[in-house]
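Top to bottom, those sequences are chains F and A. Quick note on numbering: the first sequence equals residues 20 to 178 in my numbering. Quick note on numbering: the second sequence equals residues -19 to 177 in my numbering.
One or more of the hints may lead you astray.
What the hints assert, rightly or not - Interface residues of chain A toward chain F, partial, derived using beta-carbon atoms under 7 Å:
| hint | residue |
| --- | --- |
| 1 | Leu3 |
| 2 | Arg9 |
| 3 | Leu12 |
| 4 | Ala54 |
| 5 | Ile57 |
| 6 | Pro59 |
| 7 | Leu62 |
| 8 | Arg63 |
| 9 | Arg131 |
Worth flagging that the hints you see were computed from the coordinates, not collected in a lab. We put the CB at the ideal spot given by N, CA and C, even for glycine.
Letter by letter, the chains look like this.
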Amino acid sequence: MKPFEQIVAEHGPMVLRVCRAVLGEADAEDAWSETFLAALKAYPELPADANVQAWLVTIAHRKAVDVTRADARRPVPVGEVPDRAGRSGRPDAWEGDLWDALARLPDKQRAAVAYHYLAGLPYREIAEITGGTADAARRAAADGVKALRAAYPLEGAHS
Amino acid sequence: MTDIFASLPVTYELNPHRLHERLTAAAEREGLLDVAYRTVDSPVGPLLLAATSEGLVKVAFGRQDHDAVLAELAEAISPRILRAPARLDAVARQLEEYFTGERRTFDVPLDFRLARGFRLSVLEHLPEIGYGHTESYAQVAAAAGSPKAVRAVGTACALNPLPVVVPCHRVVRSDGSYGQYAGGEEAKRILLTMEAA
């Protein structure tokens, strides 16, 4: 079994992207820490042939569900409304817009897009994590990507 | 579509250390950090230092391959291993003092779980060999209670999980030559020359 440090090094960036996509900037780092802390706790019992990537996304998904439930119970502070204008004028500001576009997707589409495109999981595994069927996950991801593409046509996006 | 996701910046790329520190601090707090480790530079090359909650459990030289040593610790102790320097601050500081000649003995809790039986008896005797002094393998065998076990003393020293801190470098051949060392004969020479100065 690999030292857990290696798991963090190999999968840390991917898990943070997933947390960022599913939960938004404000909650991403907390979710990342909680995901890896929970993973560290369970790690010695992880079967040798387990898909570590899917295992981590499963834990991150549960953390995201917890956070979303907690958010639903508390009023949203006005200051946290996403500010779409410019983000301090950084050259990568358009990427902030893409995160915002992800944030505006319905939960199921956002999760399917994040778990497939950012975590690289097949739809069959996404269905096990989010519930539903592989086909439904595939459709949710396709719809999500279609919406993103409509909002942010690729041509010129990198300039 | 996928290529635009690849370029999404996240904090992990911008500052991986801050997130990692949060994780190690939380793991320490919750009692989940079974083995903490860090590396330090030294005149005998980079040293890997690893500690359980009980104390320093492993010191390894660069030639021992730190990744392989961490994999062994994962098998022998627990895979809950993180790079977490804080737990090793005291021993890192004392090693620095030792290598600059300001320190002659180490005062940190030690975890001897990687050694058992006669090997443990040998390791327990080693700190009695004072700074700047040496003993032969035969003398150590006698002191550990088995005068005939000279060869076993050699094995115990070679497998010492805590070299430098538990001074197996002070055990030399009866003819005065250095003999083998986990860090290589050159490292042993450096340590003994430094202590003799």
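Go through the numbered hints given earlier and state which of them the structure violates, listing their numbers in rising order.
The structure conflicts with hints 2, 5 and 9, although it agrees with all the remaining ones.
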